[in-house]
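> Spelled out from the first residue to the last, the chains are:
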Amino acid sequence: MLSFLYARQSGLDDPVRLRRAESTRRVLSLELNHNRDVDRIHGNGINTLDIEVIDGRYMLSGGSDGVIVIYDLENNSKKPQYTCKAICTVGRSSRHVHKFSVETVQWYPHDTGMFVSSSFDKTMKVWDTETLKPAEEFQFDGNVYCHHMSPVARKHSLVAVGTKDPKVQLCDLKSGSRIHILQGHRGEILSVRWSPRYDHILATASTDSRVHIWDVRRASGSLFTLDQHNGDKSKTSSEAVNTAHNGRVNGLCFTADGLHLLTTGTDDRMRLWNSATGENTLVNYGKVVNESRKGLKFTVSRGCSPEFVFVPCGSSVAVYGLHSGELITMLRGHYNNVDCCEFHPDYQELYSGGKDCNILAWVPVLRQPDIEDEETNSKRVKQSETFF
Amino acid sequence: MRKQLNKEVAVFKSRMNRKRALIADTFCLTKRRRCAADSVTGESQADIRSSLQYLVTLFSRKLFNDSLPPVVLKHQLYSLHNDKTSVDKQVVRSDCNKCSTWDSVQSHFIIITLMHSEALVFSFPRQNELRETGELLMFQLGFDSEAFALVFAEDYRAKVLQGEAGRGTLGTVEKFLTKLIPSCSDLSFNKEKMLKEFLFTDSEITQLVKSGVLTVRDAGSWWLSIPNSGKFIKYFIKGRKAVLGMVKKSKYGEILQTELEGRRTTSQVKFQMKYHIHDIIGAELVECIQTTSGTLLRYVDGNVN
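So the protein lines, in turn, are chains U and B. The first sequence lines up with residues 1 to 388 when you count with UniProt numbering. The second sequence lines up with residues 1 to 305 when you count with UniProt numbering.
So here's chain U without its partners, still in its complex pose:
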């Protein structure tokens, strides 16, 4: 680290390099901290977490009991011991609460005045954060597995929704209607994700083992599907040609720069794709245990030099190097299956929620102050006190 500091000071290195080095060091030392806790409100498993983009202060969580909770992550007490308090809840007593489990929640990307939640009760609700009442409700024919709003879109406010129906629906928040349907999949849509680089590129994953990349401005079908063998039709049996995985594809995540896309499937594999060409980069992560029947929510770090992927694997969270495919560590701490995890880019913290109704905060380990320093400091304070 000292070499990085010296290089920054003397101008040998770019300032960004020191920042990345420190972020990487912090991510590599993620651990459960007894000083950091999150309020336990949910009575049933936690399915989804989302941290807002603007301040990184508020976190939404959706549970299997239909309850939605908002937490304040910032530590305003002067003590190191801190429990992230739940500021408000859409509980079972509320008139507008979802009837069945909430599968996905997402803050409105431009401010915290609004958030959208979708659930197995076949509805998607747009909530007003002040009053905690739904401003808009969309009804669907089948269970809603996932939805996503584009984080960079300024020109449109489309929400992509994946349901039991093989058609991907695009709902417009400005007009409140369903304006577009994307046809091409043959099975349930388990995961949808907008690209963080272009506001018109959408990726969808389905139980038919295929991942389609769409340009929503086009009227005709998808741009391309991801093929795990990169067009080499000779490698597999004829039914498995042009599939992204050998099982259901249930997780999608773009990297922060939008250049690569990660997919996970029930064939226990995770693949990294070039999002512009759809080429499989053939990074081998090994066996990534995946038994989820619904979508799997995983995340990629931001601001580190080799980026890291945090994937829930059974009852722990596995951390892989993004481009090397190496398993860095397994974060163990949950008592039951982990369903979702979310990375806080400013503090390099990881929040994970699972079936044991706990949200755990994984915090980078700080270097403990040396005992000698503490003693000399207290001596100095005593001397100055006696002087006065």
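Please keep in mind that the hints were generated in silico from the structure rather than gathered at the bench. Each residue gets a CB set at the ideal place from its N, CA and C atoms; glycine is no exception. Wrong hints could be hidden among the right ones.
To spell it out: a stretch of chain U is covered by chain B in this simulated footprint if at least three of its residues, at any positions, have a beta carbon under 8 Å from a beta carbon of chain B; those stretches are [unchecked claim]:
no., region
1, 13 to 21
2, 156 to 165
Below, simulated BS3-like cross-link-like pairs (lysine-lysine); rule was C-alpha separation at most 30 Å, straight line [unchecked claim]:
no., chain 1, residue 1, chain 2, residue 2
3, U, Lys287, B, Lys191
4, U, Lys233, B, Lys191
5, B, Lys249, U, Lys287
6, U, Lys287, B, Lys231
7, U, Lys287, B, Lys270
8, B, Lys196, U, Lys233
9, U, Lys287, B, Lys234
10, B, Lys231, B, Lys191
11, U, Lys233, B, Lys193
12, B, Lys274, B, Lys238
With chain U's structure known, arrange chain B on it following the hints.
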């Protein structure tokens, strides 16, 4: 002149290294516990060819009356080398290879700076593109969509011709092998390719299927296969199941690798124990845990096998 060039190359390399050094190299990415050094897994140099040759020695030829070439599975290499991605890159076709770091580029190019800072770039062929150069053949075995078998091309050719000696199909098979080995790295062929590119007739294709070099995959397409490999697959699956059963039945479902190697094999296990151990480690059917007494293999629940 040479000394001066070497000096300049060294200076150039060190300057480039400062800028291109990865941040990841500064941090020890994985915590390694002190464990008993394992002679085979202690290799840090990715030398795929020598690992393949070592695995070939573990294959029992006598079992098949010397009619099969030594077969190694691709995932057995994962148990010998830590970096699965680099193993894949060196064994699979090279159009998926991309040099992402300067270090890997450096090993393939030598840049010589001349007196007036002009640079000559020499490129050396990657030493490990085994399938590109036609030294290694890959086969889809059929019992698992991810299990690929690797055979050295000379061994394959020798054994196939040995098996075909005296039969009428010898000529066709020889023609197929001469076309296949130097250039092709496909796992399966469809009818168009066979008729147009390789110029085989229908009756010749039937002869190839009869001789065992091709197996039916679909209407009008065939897998490349090893003749007489059915017995191999049968013994392999039985042996894998038996070895996994041994691990599962041990106390707590885990056993030290050295202890497993020393155990007596039952009649189900026809191959050498080490061959099966590399297979189950590489296919991640057991979890490998480094302990102070050596590598511990723990049975992973949820295996279909």
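> Run every hint past the structure and note whether it holds.
Results of checking the hints against the structure:
no. : hint                 : result
1   : 13 to 21             : holds (count 3)
2   : 156 to 165           : violated (count 0)
3   : Lys287/U to Lys191/B : violated (35 Å)
4   : Lys233/U to Lys191/B : holds (13 Å)
5   : Lys249/B to Lys287/U : holds (23 Å)
6   : Lys287/U to Lys231/B : holds (28 Å)
7   : Lys287/U to Lys270/B : holds (27 Å)
8   : Lys196/B to Lys233/U : holds (18 Å)
9   : Lys287/U to Lys234/B : holds (25 Å)
10  : Lys231/B to Lys191/B : holds (28 Å)
11  : Lys233/U to Lys193/B : holds (12 Å)
12  : Lys274/B to Lys238/B : holds (15 Å)
Hint check: violations occur at hints 2 and 3; the rest are consistent with the structure.
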